[in-house]
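Please model the entire structure based on the sequences and the hints provided.
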Amino acid sequence: MARARVLIRPKEGILDPQGKAVERALPALGFEGVGHVRVGRMVELEAEDPARLPELCEKLLANPLIEDFEIEMINAASSAPTNP
Amino acid sequence: MRWGVLQFPGSCDERDALRACELAGGEARLVWHETRDLDDVDAVVVPGGFSYGDYLRAGAIARFSPAMEAVAEFAAAGGPVLGICNGFQVLCEAGLLPGALLVNEGMRFVCRQVELEVAAFSPPGGGQSSNIAGETLSIPAKHGEGRYWAPDETLDALEASGQVAFRYAPGQNPNGSAREIAGVRNAAGNVLGLMPHPEHAVDEMTGSTDGLRVFESVAGVLA
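Chain order of the listed sequences is A and B. For the first sequence, my numbering gives the first residue as 1, with consecutive numbering after it. For the second sequence, my numbering gives the first residue as 1001, with consecutive numbering after it.
To be clear, the hints were calculated from the coordinates, so they are not data collected in a lab. Quick reminder that beta carbons are idealized off the backbone N, C-alpha and C, glycines included. There's no promise every hint is true.
[As the list claims (entries may be wrong)] Residues from chain A that keep clear of chain B, each with C-beta distances beyond 12 angstroms, as calculated:
(1) Arg5
(2) His36
(3) Leu53
[Stated by the list, open to error] No farther apart than 25 angstroms at their CA atoms in a straight line, the calculated lysine to any residue pairs in the SDA-like style are these:
(4) Lys11(A) to Pro1151(B)
(5) Lys59(A) to Gly1053(B)
(6) Lys20(A) to Glu1105(B)
(7) Lys59(A) to Ala1188(B)
(8) Lys59(A) to Glu1022(B)
(9) Lys59(A) to Glu1145(B)
(10) Lys59(A) to Gly1010(B)
(11) Lys59(A) to Ala1076(B)
(12) Lys59(A) to Phe1050(B)
(13) Lys20(A) to Ala1070(B)
(14) Lys59(A) to Ala1070(B)
(15) Lys59(A) to Asp1054(B)
(16) Lys20(A) to Leu1056(B)
The structure is reproduced here in structure tokens:
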């Protein structure tokens, strides 16, 4: 079984109100100089057939019209990502 | 005429949709998401609500149901399909309509009456007897992820081909939808989706019966 972590991000150029809301809240909390906040999603899973992961991501985990995704395979010995 | 109104776990507006269908004319029944049976159905409604809790993305899971596979075949054969709110989201996720619905620009769930301008619109199937083009309808909007988006080239193409079916009247856009788009149809004209809820505007008791015009428009083709 291969362990994977999928990061799903809103595409550049599409308004991300969640990111903007986070960004606007930061100065009031004392964090200056933080910008371009974009909020996405992270899905972790175990797959018997990692070759099918890109298809799974395109069909369900992400909407390719509005989101980009990135698959990280996680080494079983540690949770540090290794690129496939 | 027989209407089929889909029902997913988490749908909540299918009951009002059933009533609206019957007021527009004919009989209506629910189509449970696990069935593919649309044999006796003349028109399909994909209703509003929170199918699968809007988990992952609104409509993202419902689009893979057996009922939606049957709807895709029904639509490919030219059958009329009306998607309302979550139904619009499901149809976009299924690729039966172009574009996507994103979280409202103001990050707030919106629940208020909006004025819709019916754009260059032919009812599914092309009949003119119930053409509502040019009318202004007062319809409730009730959604958290209703901001219509598509790449600029797609929006240009939709406008050029008359596929924009409904726009929010000036000042009425509740969610930042691109080009004030409240609803679109597919190129063939038989699949229609809109974010506001015509099924909640069919009785004087709730202030507007304009929603009935949308259902009558779909029904009028098949009368």
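Given pair status - Glu1105(B), Lys20(A), alpha carbons within 25 angstroms: holds (10 angstroms)
**Q.** Separation of Leu53(A) from chain B, once the least beta-carbon distance is taken, above 12 angstroms
**A.** holds (16 angstroms)
(Q) Need the status of pair Lys11(A), Pro1151(B): alpha-carbon distance at most 25 angstroms? (A) holds (11 angstroms)
Q.
Holds or violated: Lys59(A) and Glu1145(B), Cα atoms, limit 25 angstroms.
A. Between Lys59(A) and Glu1145(B) the Cα gap is close to 20 angstroms, so the pair holds against 25 angstroms.
(message) Tell me if the straight-line CA distance from Lys20(A) to Leu1056(B) falls inside 25 angstroms.
(response) holds (20 angstroms)
Can the restraint linking Lys59(A) and Ala1070(B) be considered satisfied, given a maximum Cα separation of 25 angstroms? holds (18 angstroms)
Given pair status - Ala1076(B), Lys59(A), alpha carbons within 25 angstroms: holds (20 angstroms)
- Does the alpha-carbon distance linking Lys59(A) and Ala1188(B) stay inside the 25 angstroms limit? holds (24 angstroms)
Quiz prompt | Check on His36(A) being off the interface with chain B, judged by Cβ distance over 12 angstroms | solution = holds (18 angstroms)
- Below or equal to 25 angstroms on CA atoms is what counts here, so check Lys59(A) against Gly1053(B). Given pair Lys59(A), Gly1053(B) holds - Cα atoms ~19 angstroms apart, limit 25 angstroms.
Is Lys20(A) within 25 angstroms of Ala1070(B), Cα to Cα? violated (40 angstroms)
Check: Given the hinted pair Lys59(A) and Phe1050(B), is their alpha-carbon gap at most 25 angstroms?
Finding: It holds: about 20 angstroms lies between the C-alpha atoms, which stays within 25 angstroms.
Checked against the numbered hints above, the structure breaks hints 8 and 13 and satisfies the rest.
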